[in-house]
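Asks: So the chains spell out like this:
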Amino acid sequence: VDEDAELVARVRAGEEQAFVMLAARHHSTMQRIARTYVASAAVAEEVVQDTWLAVLRGLDGFKGRSSFRTWLLAILVNRARSTGVREHRSVAIGDAGPAVDSARFDESGAWMSPPRHWVEESESRLLAEGLADRIQATMRELPERQREVVMLRDVAELSAREVCEALEISEANQRVLLHRGRSHLRQALEAELGRV
Amino acid sequence: MRVLLRRRELVCQEMVELITDYLEGGLSRAQRRRFEAHLAKCEHCTEYLEQMRATIRLTGSLRAEDLTPEMSAEFAALYQRWRAEEQ
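For the protein sequence lines, the chains are A and B, in the order given.
FYI, the numbering for the first sequence is 91 to 286, going by the numbering used here.
FYI, the numbering for the second sequence is 996 to 1082, going by the numbering used here.
Think of the hints as simulated: they come from the structure by calculation, not from any bench.
Glycine included, C-beta positions come from ideal geometry on N, C-alpha and C.
A couple of the hints might just be wrong.
What the hints assert, rightly or not - Chain B stretches covered by chain A per the calculated footprint, using a threshold of three residues with CB under 8 Å from any CB of chain A:
| id | segment |
| --- | --- |
| 1 | 1010-1022 |
| 2 | 1066-1076 |
As the list claims (entries may be wrong) - Distance windows between CB atoms, simulated:
| id | chain 1 | residue 1 | chain 2 | residue 2 | range |
| --- | --- | --- | --- | --- | --- |
| 3 | A | Ala227 | B | Gln1082 | 37 to 47 Å |
| 4 | A | Met202 | B | Gly1020 | 46 to 56 Å |
| 5 | A | Arg171 | B | Glu1080 | 18 to 28 Å |
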């Protein structure tokens, strides 16, 4: 059973509590996405609330061709984007570039400065030492499209197809953006943990 | 002759750019075999793959706060506002 669809039907029927439950289900993901566009948690919360108002107003137009979550997050991304633009957020990381600095490979393309091991350490340090903040900060520095794709795939856990729908991009484009975004995040974790 | 016809092996620098296609199931069967053949004998690329998987896991494990009772009340008010508009 699609829990969202059930709640949406109840909201349409006029049940306030169903709306609060629907909002609660998606709140954490929406906050996280909005937060990467705007300077403060308070503004992110405004973006989330604006989105819900737009959702309620547009509910009659939602035909269920995509999942509710895809539709919801597409609206959120648009709202967050325009609010973020108004706040003049800057972007620090370049759009292209290799997944790994070419200086770390020899002429044949083999690793010269290989990745050090940090996977287990990262899990234990996630909560303890602000690794979460580092990931969050890197996320904010990613070019917008990369950030959107990574957020929707790896945080909101939409499928590749759903992300293409939400952002109106091709599958090939989605994969390139995902690749660059994830590669940048790995680099940031390596800088924090691997000390290469 | 056979040796000449065989596709050359992937190098590490190519591996790191193919990794998302690999994880997304976007490689052809032949490409996938070449990718896995390299992995089987390269500990560094195996490590790199593990790091990409860890990166995805760590990114996904970040969660903002759930709805507080105050926020629930705000959402209820938002709903009321919309209902009032609809009348």
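Asks: Which of the numbered hints above does this structure break?
Replies: Violated hint (a single one): 4; every other hint is consistent with the structure.
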